[in-house]
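Going letter by letter, the sequence shown gives residues 14 to 200 in the numbering used here.
The hints are simulated quantities; they were obtained by calculation from the structure and are not laboratory data. One thing to keep in mind: the hints can contain errors.
Said to hold, decoys possible - Once the Cα atoms are required to be at most 30 Å apart in a straight line, the calculated DSBU-like pairs of lysine-lysine come out as:
(1) Lys155 with Lys126
(2) Lys126 with Lys103
(3) Lys103 with Lys125
(4) Lys155 with Lys103
(5) Lys125 with Lys155
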Amino acid sequence: MSGDDATLAVIGALEALGTPYMVVGSFSSNLYGVPRSTQDADFVLQFGPQTIFQLADLLGPPFRFDPQMSFETVTFTMRHVLELPDIPFKVELFHLGDDPYDQERFHRRCRKKMLGREVSVATAEDVIVTKLRWAVQGRRMKDREDARDVIAVQGDAIDWDYVNSWCDRHGSRAVLDEIRASIPPLL
Numbered sequence: 014m015s016g017d018d019a020t021l022a023v024i025g026a027l028e029a030l031g032t033p034y035m036v037v038g039s040f041s042s043n044l045y046g047v048p049r050s051t052q053d054a055d056f057v058l059q060f061g062p063q064t065i066f067q068l069a070d071l072l073g074p075p076f077r078f079d080p081q082m083s084f085e086t087v088t089f090t091m092r093h094v095l096e097l098p099d100i101p102f103k104v105e106l107f108h109l110g111d112d113p114y115d116q117e118r119f120h121r122r123c124r125k126k127m128l129g130r131e132v133s134v135a136t137a138e139d140v141i142v143t144k145l146r147w148a149v150q151g152r153r154m155k156d157r158e159d160a161r162d163v164i165a166v167q168g169d170a171i172d173w174d175y176v177n178s179w180c181d182r183h184g185s186r187a188v189l190d191e192i193r194a195s196i197p198p199l200l
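Whenever a hint applies, use it, and build me the whole structure from the sequences.
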C-alpha cells in the first residue's frame, strides 16, 4: 500500500461512515500549489462519539491506530494518528476545533478532484492562511514554502480580502506580504 492508497482508503472509510471531513496539510497544498512528496496525510474531522472506533473497524489492517490521542499546540486541537507499519507514512486525524477560524475553514471546504476521486478539501485561501499560521506559530519553513507555492500558482484567483483578514488575526500578515512581494508578476 502506498501513501496515496492509504489516503484514499481513509477518505473512502470517512465517506462510508458519513463523517464530515476535510483534507488539509500537504495533500491540499499539493492540489493548489507545486506538488511535493509527503510522509503523511492530514484531515480535519467532525468527530462523533464513536467515530474513531468505527473508522478503526472499517479500515482494519494494515492501519494501526495509536491508542493515545495527542494535543496539537499550534491550533490547540486533539488528534489521532494512524500508522502503516510497512511504509513510512502516517495519517493524522485532527478534531474540528471550536476556534472561529477552524469553524470557518471547515464550513468553506469544497469538493475537488484529488487522487482520481472527488474529495472534501480546504479552499486555496484556507490552505494559505493555515500554512502561514503554522509557519509563524510553529516556526515551520516547509509550511511557508507551501504557502508561497499556492500563492504563486493561484495568483489572482485568491480572495485576498479573506486571506488578509485571517492573517491579520493570526499575526502572519507580515509573512504573507513578504511572500507576495517576492513573487514576480506574470507577464
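- Task: Starting from Lys155, check that the Cα of Lys103 is at most 30 Å away, please.
- Result: Measuring from Cα to Cα gives roughly 18 Å; hence the hint holds.
- Item | 30 Å Cα cutoff - pair Lys155, Lys126 | 24 Å, holds
- Task: Measure nothing beyond the straight line between the CA atoms of Lys103 and Lys125; if it is 30 Å or shorter, mark the hint as holding.
- Result: It holds: about 22 Å lies between the C-alpha atoms, which stays within 30 Å.
- Proposed proximity, Lys155 with Lys125 (alpha carbon, max 30 Å): Given pair Lys125, Lys155 holds - Cα atoms ~24 Å apart, limit 30 Å.
- Message: Between the alpha carbons of Lys126 and Lys103, is the straight-line distance 30 Å or under?
- Response: 22 Å, holds
In terms of the numbered hints stated before, the structure departs from none.
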